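Number of protein chains: 2
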Amino acid sequence: MNAVELIRKKRNGESLTSSEIQFLIDSYLKKNIPDYQFSAFLMAVYFKGMNENEQSALTNAMINSGVVVNLKDIIGVKVDKHSTGGVGDKTSLIIAPIAAAAGVKVPMISGRGLGHSGGTLDKLEAIPGFRTNLSLKEYKTVLKKCGAVLIGQTKEIAPADKLIYALRDVTATVESIPLITGSIMSKKMAEGIDGLVLDVKTGSGAFMSKEKDALKLADSLIRTAKSFNKKVIAFITDMNQPLGNYIGNWFEVYESIKVLQGENVPDLLELCLNLAGAMIYLGKKADSVEEGKKISLELIRNGKAFNKFTEIVKLQNGDVSYLYKPEKYPKSKYSEKIYSAKSGYLSSINNYEIGMAALELGAGRKTKEDKIDPKAGIIFYQKIGNQISKNDVIAEVFTDYKHSLNTAVKKISDSLEFSKNKVSKPKLVKRILT
Amino acid sequence: MNAVELIRKKRNGESLTSSEIQFLIDSYLKKNIPDYQFSAFLMAVYFKGMNENEQSALTNAMINSGVVVNLKDIIGVKVDKHSTGGVGDKTSLIIAPIAAAAGVKVPMISGRGLGHSGGTLDKLEAIPGFRTNLSLKEYKTVLKKCGAVLIGQTKEIAPADKLIYALRDVTATVESIPLITGSIMSKKMAEGIDGLVLDVKTGSGAFMSKEKDALKLADSLIRTAKSFNKKVIAFITDMNQPLGNYIGNWFEVYESIKVLQGENVPDLLELCLNLAGAMIYLGKKADSVEEGKKISLELIRNGKAFNKFTEIVKLQNGDVSYLYKPEKYPKSKYSEKIYSAKSGYLSSINNYEIGMAALELGAGRKTKEDKIDPKAGIIFYQKIGNQISKNDVIAEVFTDYKHSLNTAVKKISDSLEFSKNKVSKPKLVKRILT
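Quick note, the sequences are listed as chains D and W, same order.
According to this note's numbering, the residues represented by the first sequence are 2 to 435, in order.
According to this note's numbering, the residues represented by the second sequence are 2 to 435, in order.
If you're looking for bench data, these hints aren't it; they were derived computationally from the structure.
Take the hints with a grain of salt, since some may be wrong.
The list cannot tell twin chains apart, which means a pair is met if one copy fits it or any two copies do.
As the list claims (entries may be wrong) - When the alpha-carbon atoms are kept at most 30 Å apart in a straight line, the in silico DSS-like pairs for lysine-lysine are as follows: (1) 332 x 411; (2) 315 x 259; (3) 326 x 295; (4) 217 x 10; (5) 295 x 338; (6) 211 x 49; (7) 10 x 49; (8) 391 x 329; (9) 227 x 315; (10) 10 x 369; (11) 10 x 411; (12) 295 x 232; (13) 411 x 211.
Fair warning: this is a prediction, and the values are worked out from it, not measured in the lab.
Starting from the given sequences, assemble the full structure and let the hints guide the process.
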């Protein structure tokens, strides 16, 4: 086998065998195939795609580039959730404790934010002392003790993904369904899970803005999960506006605490109940997603979900006093309210721009090396469909960077559209696929 | 401008501006864009092509990566020919002296053979002493003195092409019409020519085996030549069988001498008259290609073409005694005749395999570093359409490598197909395009 012939084969639209894909991934990892050949291969995959066998082989080769965590000695069904990311998406912080409180084991490996989209790790690290960089041994210990653990990708898990992702990022080959599928599923399959709940976002704040593409990705993820004999449920959900009202790392921890303590943040709560309900169902602690949703709501009401969250935070070295007294958290130096310049029904939000505004304020990174400010962010008070009068407060921005205030305010103001006619609220959960 | 955005733009099928293409080529040459980004760009071009403006900009950027030869002080119209290559294609050795004898200036920069296809430089270097590596100063001097010069690509001319070609070769991005066009035309335009005759081959021994693809390439080459205000004529010609009867470096010099001395090798002579006729027409020494063909035939008959050939060889340091007495050239140690195993009409030849057999015998290179044996080669006696009896001689192979005899004989035998029914001879000149 040689790399040029395999690139040509894929380029010509022929399908590669499992051993050919294994050869490509292994050789790239061992640096026997140089970056310039692998990037040409990635671009050929971008154009020609992969069939189911190729997709499984790719995922398999990426899984086996590192350690597959063995969680056999932890009793119970292990279920994780993966979201394709968006603005204000803090569901992991809420549903991991709910599912764990229901008796499901939740070994969760999450990512950092990049660009307009936030990352679970950055949110967790907004809690003073919280450690996301546990070793695999510590990961197992925490999971065993409290039924859930939330960490970042370790070096041992799917190292091929890290390498390939870095190359895709600089060669315009990120937006490829087989490559996205391989990247997501290799990490998830290596965690040692039995089941997976997927939250595939669509809309202006989503990676896949078109619902058609989100469906394709969901389909690919489901097929791949099944080819590894994992139980899977996928939700296609709306990301045309921020999820909940708080955007920014500590802000999102804060809103998660509120929801776990029983506050009704309608869209955020609805999505969390669905995702947690599905996790509880896949974890065999409910006979249906609906029953799982009821259990979830009960675990919020009786305080067990919030208690589980404090338990996880404590075991991962976080200072739980901030969970009990979130008001003592440091505040941003500057803040500014954004008032509506118009009257009418809020008809559309360029949600990508809301994410970018949060980034400007310090809540995100422009490059992987940037530091984030956990205090920075946005409270976004309005939802699509709301009737708004001129000078009503739309949002409020918070930052330590005075110069970013104007940029962020302008970005947010420019992202809004109003209609004179009544506008219906977008449906949050668009599709459930299994 | 940044590379990823430009790769993405091309990948999405948008067209790049001239300055964007200039930026890509310049940055790659300066190593500001790494190989892995450029190869992803090349693969995106493979899939998405280039429009006329992009093609001109690419060619222009490649031309300007090096020196553009100034031939203004040499009086006369400068015309070159480019062939896409094949088996037994020695036309350059015959038409350069014919056109020069007619008063056209022929500044010819040629390539080496690789794979199944021979190269003009290797053929010329079969003449003892012949120097193809002239400096640009020597190049001009020879051209001024005798009206023709035949050299290899110098470092000064289109260095971007050398770099890009090497990357295409290892990333399965060779077979792309805009990239082939850029490669060919950047070198030709940098030579300082006024007109160009193109010989685009099609058939089993050609780079573009399908006539449809050959036409597309010819069209792209013609448009690009015109965008640089060059006169151009393209021939689509058959490469389903060797051109002439001799394959191998010295063998092809030998057959060229014979044609220049008036011997009638029908297909080879026909193509040479066409190509030389077109060069003479573009060089304004005839009012039509037809008149140019007549002049060419006359220059063979009156000995002026052969004399011009000896003049060029002498000026480029070649030993002309071998031209006058070709029989004194060293002979291969081993030879073997191939007899027909069947009776019938020769209906098809896998001409690629004939080229590969010549390579096995020592006439070509498997890698760029291999040395070639100028004596090695094949005399191929038969043409498609010939009626052949069992045990008739089809071909004869010549080599110093005893072990390669069997391989070559088998390759040639296996490449032949016979028919019981009469088979018409393929048309040599399929299309003439301007």
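Verification of the supplied hints:
| no. | hint | result |
| --- | --- | --- |
| 1 | 332 x 411 | within (22 Å within a copy, 84 Å between copies) |
| 2 | 315 x 259 | within (18 Å within a copy, 93 Å between copies) |
| 3 | 326 x 295 | within (28 Å within a copy, 100 Å between copies) |
| 4 | 217 x 10 | both (24 Å within a copy, 23 Å between copies) |
| 5 | 295 x 338 | neither (38 Å within a copy, 88 Å between copies) |
| 6 | 211 x 49 | both (20 Å within a copy, 23 Å between copies) |
| 7 | 10 x 49 | both (10 Å within a copy, 18 Å between copies) |
| 8 | 391 x 329 | neither (34 Å within a copy, 101 Å between copies) |
| 9 | 227 x 315 | neither (35 Å within a copy, 74 Å between copies) |
| 10 | 10 x 369 | between (34 Å within a copy, 23 Å between copies) |
| 11 | 10 x 411 | between (49 Å within a copy, 28 Å between copies) |
| 12 | 295 x 232 | within (21 Å within a copy, 80 Å between copies) |
| 13 | 411 x 211 | within (26 Å within a copy, 57 Å between copies) |
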